[in-house]
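Engineer: Chain residues, written in single-letter form:
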Amino acid sequence: MPSPEDIKQRIETAIAGAHADVEDYSGGGDHFRATVTAAAFEGLTRIQQHRLVYEALGSDVGAAIHALALKTQTPSPIQTP
Amino acid sequence: MSSSQFEPIPMLKNEPSATPTQSAEPNPIRDAIAQAIAEHKVILFMKGTPEAPACGFSARTVAALQELETPFAAVDVLPDPRIRQELSAISDWPTIPQLFVDGELVGGCDIVIEMYESGELAQALL
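Protein sequences appear in the order of chains A and B.
With numbering that gives the first Met the number 0 as the guide, the letters of the first sequence map in order to residues 0 to 80.
With numbering that gives the first Met the number 0 as the guide, the letters of the second sequence map in order to residues 0 to 125.
It should be emphasised that the hints constitute simulated quantities derived from the structure, not laboratory data.
Be a bit skeptical, because a hint or two may be false.
[What the hints assert, rightly or not] Think about it this way: if two alpha-carbon atoms lie no more than 20 Å apart in a straight line, the pair counts; the simulated EDC-like pairs of lysine to aspartate or glutamate are:
1. B:Lys46 x A:Glu4
2. A:Lys70 x B:Glu116
3. A:Lys7 x A:Asp23
4. A:Lys70 x B:Glu113
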């Protein structure tokens, strides 16, 4: 059964420069919520961004990882006043 | 919630009982899915039905479409695991629900909800 830490490491290993925040929101070890921030997402559609994350987790998505609520984003530009 | 907004698709009708295992063999389920995607402007593959969603992610996706008063076709993937298997093979997307507009995968629940909140979904459905 994957832990949030496993999932975080797999995403961050597969996507260069990515930062992933992963939580087990049901506490049951199979429903996760992840926010992934990566410069590699720049210029990609949301579909393509999510596919990169799914590819990092392979066949576990839909199996051991029953549900993965996913939010992908690029690093925020520094806000100037 | 109006039942007239959704049209169930009998995905498994006329299906031969034999299950082809070779990719070269006829694949009636995959063909039926591809045809359904091609024939419906807005089609949602989900767990359960719009009236009785069987999963929170499917329920939220249906709710977004209903908020926009979008007519959509719906396919319940639960009656036969092969529907989900073949759908994911076509779409290269591992999870359910999956929303297609004009033959293209728009996304799963998270993307649909983000697009609903930003107004992009209403644009995509025009």
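Engineer: Starting from the hint list further up, note which numbers the structure goes against and sort them upward.
Structural biologist: 1
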